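Taking the hints into account, I'd like the entire structure generated from these sequences.
Those protein sequences? They're chains H and G, same order as listed.
By our numbering, the letter at position 112 of the first sequence is numbered 112, and the numbering carries on one by one without gaps.
By our numbering, the letter at position 572 of the second sequence is numbered 728, and the numbering carries on one by one without gaps.
It is worth saying that the hints were derived from the structure and are not from the lab.
Because the structure is a prediction, the values reported are computed rather than measured.
There could be a bad hint or two in this list.
[Stated by the list, open to error] Within a straight-line C-alpha distance of at most 25 Å, the following computed PhoX-like cross-link-like pairs (lysine-lysine) qualify:
1) Lys362(G) to Lys90(H)
2) Lys569(G) to Lys474(G)
3) Lys11(H) to Lys442(G)
4) Lys38(H) to Lys371(G)
5) Lys38(H) to Lys3(H)
6) Lys90(H) to Lys109(H)
7) Lys109(H) to Lys283(G)
8) Lys38(H) to Lys305(G)
9) Lys38(H) to Lys375(G)
10) Lys71(H) to Lys38(H)
11) Lys362(G) to Lys38(H)
12) Lys362(G) to Lys109(H)
13) Lys427(G) to Lys731(G)
14) Lys650(G) to Lys716(G)
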Amino acid sequence: MQKSLYIDPVKCTGCLQCEMACSYIHTGAFNPSKSRIKVFDFEHEGRKVPYTCTQCSEAWCLHACPVDAIKLDAQTGAKVVFEDTCVGCKVCTIACPFGTINYVADTGKVQKCDLCDGDPACVTACPTDAITYVDADWSGLGRMRAWAARANSAAI
Amino acid sequence: MAWTKSILRVNLTEGTCTPEPLNMQWANDYLGSRGLASKYLTEEVDPKVDPLSSDNKLIMSTGPLTGTMASTGGRYTVVTKGPLTGAIACSNSGGYFGAEMKFAGWDMIIFEGRSPTPVYLYLENDKAELRDASHLWGKSTWVTEETIKTAHQDPQIRISSIGQAGENGVLYACVVNDLHRAAGRSGVGTVMGSKNLKAVALRGTKGVSGIRDFKEFLKVTSEKKQILAENAVTGQGLPTYGTQVLMNVINEMGALPTRNHRDVQFEDANKISAEAMVEPRASDGKPQLVTNAACFGCTIACGRIAKIDETHFSVVNKPEYWGASGGLEYEAAWALGSANGVNDLEALQYANLLCNEVGMDPISFGATVGAAMELYEIGVLSKEQIGLDAPFGSAEALVKLAEMTANGEGFGKELGEGSKRLCAQYGRPDLSMTVKGQEFPAYDSRGIQGMGLAYATSNRGACHLRGYTVASEVLGIPVKTDPLTTDGKPALVKAFQDATAAFDSSGLCIFTSFAWTLADIQPQIQAACEGDWSLERLELVGERIWNMEKQFNLAAGLTKADDNLPPRLTTEPAKVGPAKGLVNGLDRMLPEYYELRGWDGEGVPNGPTLERLGL
Numbered sequence: 001m002q003k004s005l006y007i008d009p010v011k012c013t014g015c016l017q018c019e020m021a022c023s024y025i026h027t028g029a030f031n032p033s034k035s036r037i038k039v040f041d042f043e044h045e046g047r048k049v050p051y052t053c054t055q056c057s058e059a060w061c062l063h064a065c066p067v068d069a070i071k072l073d074a075q076t077g078a079k080v081v082f083e084d085t086c087v088g089c090k091v092c093t094i095a096c097p098f099g100t101i102n103y104v105a106d107t108g109k110v111q112k113c114d115l116c117d118g119d120p121a122c123v124t125a126c127p128t129d130a131i132t133y134v135d136a137d138w139s140g141l142g143r144m145r146a147w148a149a150r151a152n153s154a155a156i
Numbered sequence: 157m158a159w160t161k162s163i164l165r166v167n168l169t170e171g172t173c174t175p176e177p178l179n180m181q182w183a184n185d186y187l188g189s190r191g192l193a194s195k196y197l198t199e200e201v202d203p204k205v206d207p208l209s210s211d212n213k214l215i216m217s218t219g220p221l222t223g224t225m226a227s228t229g230g231r232y233t234v235v236t237k238g239p240l241t242g243a244i245a246c247s248n249s250g251g252y253f254g255a256e257m258k259f260a261g262w263d264m265i266i267f268e269g270r271s272p273t274p275v276y277l278y279l280e281n282d283k284a285e286l287r288d289a290s291h292l293w294g295k296s297t298w299v300t301e302e303t304i305k306t307a308h309q310d311p312q313i314r315i316s317s318i319g320q321a322g323e324n325g326v327l328y329a330c331v332v333n334d335l336h337r338a339a340g341r342s343g344v345g346t347v348m349g350s351k352n353l354k355a356v357a358l359r360g361t362k363g364v365s366g367i368r369d370f371k372e373f374l375k376v377t378s379e380k381k382q383i384l385a386e387n388a389v390t391g392q393g394l395p396t397y398g399t400q401v402l403m404n405v406i407n408e409m410g411a412l413p414t415r416n417h418r419d420v421q422f423e424d425a426n427k428i429s430a431e432a433m434v435e436p437r438a439s440d441g442k443p444q445l446v447t448n449a450a451c452f453g454c455t456i457a458c459g460r461i462a463k464i465d466e467t468h469f470s471v472v473n474k475p476e477y478w479g480a481s482g483g484l485e486y487e488a489a490w491a492l493g494s495a496n497g498v499n500d501l502e503a504l505q506y507a508n509l510l511c512n513e514v515g516m517d518p519i520s521f522g523a524t525v526g527a528a529m530e531l532y533e534i535g536v537l538s539k540e541q542i543g544l545d546a547p548f549g550s551a552e553a554l555v556k557l558a559e560m561t562a563n564g565e566g567f568g569k570e571l572g573e574g575s576k577r578l579c580a581q582y583g584r585p586d587l588s589m590t591v592k593g594q595e596f597p598a599y600d601s602r603g604i605q606g607m608g609l610a611y612a613t614s615n616r617g618a619c620h621l622r623g624y625t626v627a628s629e630v631l632g633i634p635v636k637t638d639p640l641t642t643d644g645k646p647a648l649v650k651a652f653q654d655a656t657a658a659f660d661s662s663g664l665c666i667f668t669s670f671a672w673t674l675a676d677i678q679p680q681i682q683a684a685c686e687g688d689w690s691l692e693r694l695e696l697v698g699e700r701i702w703n704m705e706k707q708f709n710l711a712a713g714l715t716k717a718d719d720n721l722p723p724r725l726t727t728e729p730a731k732v733g734p735a736k737g738l739v740n741g742l743d744r745m746l747p748e749y750y751e752l753r754g755w756d757g758e759g760v761p762n763g764p765t766l767e768r769l770g771l
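Okay, structure coming up:
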């Protein structure tokens, strides 16, 4: 079964444990500035929203890459940057409509979410279940269930 | 190493920024944050210095666990000699600023001297620059943050700044970071203002890489997070209701100081409580509370994000206050509300917003208004002197006085000096509810006896965060003690004070201590830091810090007479509630406390004590 990240911003408190976990897994340091998932703070609305790559099926970044440095991981569905191949041309960062692939000046390469080989560190680190890793075919299941519960209680 | 081992020394007089290595001997003896910054202050600043002179220094410091995945690892401390108290000042804040300082590669920033013109420090990793802040002078903390981020075209900068209160010499001005987190007490923002330092803007991309044993650290911090999640206070009470969960609890105990401590219960406590904040309002059908929020790394998330009622008289036609922003914490709701007898939740939120915006401590401000209202009620202060009618319970007066203090207008200037100076000025020093010149927080020591001793002996003046025996006396953490007796309280206060000093020096939040003891912090420090960090060593570090702070205060000229409570608390019994008929028994506790500390009868640490602590 393929899985995908499912983010429920209502549950996010803005603690940035996800950013620390992501940066630690990928760089060996607690360093939110190198995280591939970012939490956005819409302070005047009181909303915090974690955001990262949704792993598009037809991935703009992958198609745009002139050196084929972004490949599909068939197991997880992640579009993965191969740093050895990446030349840092940044075309993918222009192609991505969501801004979730970004250039890293320190390495001269781009980085994006790779789903941590199927065990996303951000999911484990999130203390409120704002970020979960669910069946990719049924990412709406939780919400369906919530509505189903309401329908049922209305019938009673 | 969990320390970056680098500190930045900023000489504001000369306009220079110079890196230097961290004194690792001191890091080993004082850990970080509160302890380490206090060590630097006591070594470098004459205790007798005028707090607002250029010879005072202001230190911002992280701890070894700041910027790590340890829960609540986002704290930093501002240490200086305080203008409100004349004692060592040490104020701690969350938000994101502290972690960013660590990510930029700095354990500590020491500000010395005084800039000839307003400046702000811009720090991007190793690059440190003092930049002109004349265009920011006179601006609020909110405008300052926005202006700096826009100027640098970088929304990811984290900022600590002062508002108008710190510029205008309000003696309890804060240093505000991330819009509504604050190093709040003792006037650390006033010192920053006296140095013409408007803000510190940080951007750090280095991260924290020097953890001694990452694998062990992740394992142990994960286990400790689980304890916080499963604890009733840190797992449920605080995220759901915030610290405001205490309002009704403390009121029922008869320990909610009301109307400048005339009373110990507030008849309208429920109207300004956590429960009231989640009640839908009549005007718009929405509750004041929007959501809870976390500081950096925090898995408790006690922070309140609230929206004020747009139709409330205080904000009609002021849309700049209508957005979501920092909401009422217990201490602020108490000081702005119960301390003045004001039951209008929206007025309290407006005053709270103003405090964040202009950068002033809502505890000291609210409590000073309480003193002014009492002076008004007994006829010492007239309507003409204040500029308005100011009886207890007047939300209109609270709102107007908040604006006047924030802007340094009229009587607001006198309120900005705090309750001790105000009451002395009008011949009633006995009505100032302060210790060492700092206003009490929200626990009446007639109903919670141990807190009387904790307040009287707190090194930064009246404060609940130096020895929170409320945990034991009210909540039963770690063991339940009787709040109405003084028995055993000296030992309890000492234990809480020492442990708190160690907690505060780690870079973690003291609120974890509702679920953790120092024994839970110990393995996290051990996994992060080189060396042998036993529980005994941490306890010794805490006690060493306490004694060092005390020595600074003694050298500054404070004496046993300053380890005292206002006569109201030791001579006027509580009128109602469980503590009815009781005064605080400080006289019974203080000698025993001194003895337990290894201090002489005048509260001076004796030779063997100093030797034992390596002081």
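Hints, one by one, checked against the model:
{"no.": "1", "hint": "Lys362(G) to Lys90(H)", "verdict": "holds (22 Å)"}
{"no.": "2", "hint": "Lys569(G) to Lys474(G)", "verdict": "holds (24 Å)"}
{"no.": "3", "hint": "Lys11(H) to Lys442(G)", "verdict": "holds (19 Å)"}
{"no.": "4", "hint": "Lys38(H) to Lys371(G)", "verdict": "holds (24 Å)"}
{"no.": "5", "hint": "Lys38(H) to Lys3(H)", "verdict": "holds (20 Å)"}
{"no.": "6", "hint": "Lys90(H) to Lys109(H)", "verdict": "holds (8 Å)"}
{"no.": "7", "hint": "Lys109(H) to Lys283(G)", "verdict": "holds (24 Å)"}
{"no.": "8", "hint": "Lys38(H) to Lys305(G)", "verdict": "holds (18 Å)"}
{"no.": "9", "hint": "Lys38(H) to Lys375(G)", "verdict": "holds (24 Å)"}
{"no.": "10", "hint": "Lys71(H) to Lys38(H)", "verdict": "holds (23 Å)"}
{"no.": "11", "hint": "Lys362(G) to Lys38(H)", "verdict": "holds (17 Å)"}
{"no.": "12", "hint": "Lys362(G) to Lys109(H)", "verdict": "holds (17 Å)"}
{"no.": "13", "hint": "Lys427(G) to Lys731(G)", "verdict": "holds (22 Å)"}
{"no.": "14", "hint": "Lys650(G) to Lys716(G)", "verdict": "holds (17 Å)"}
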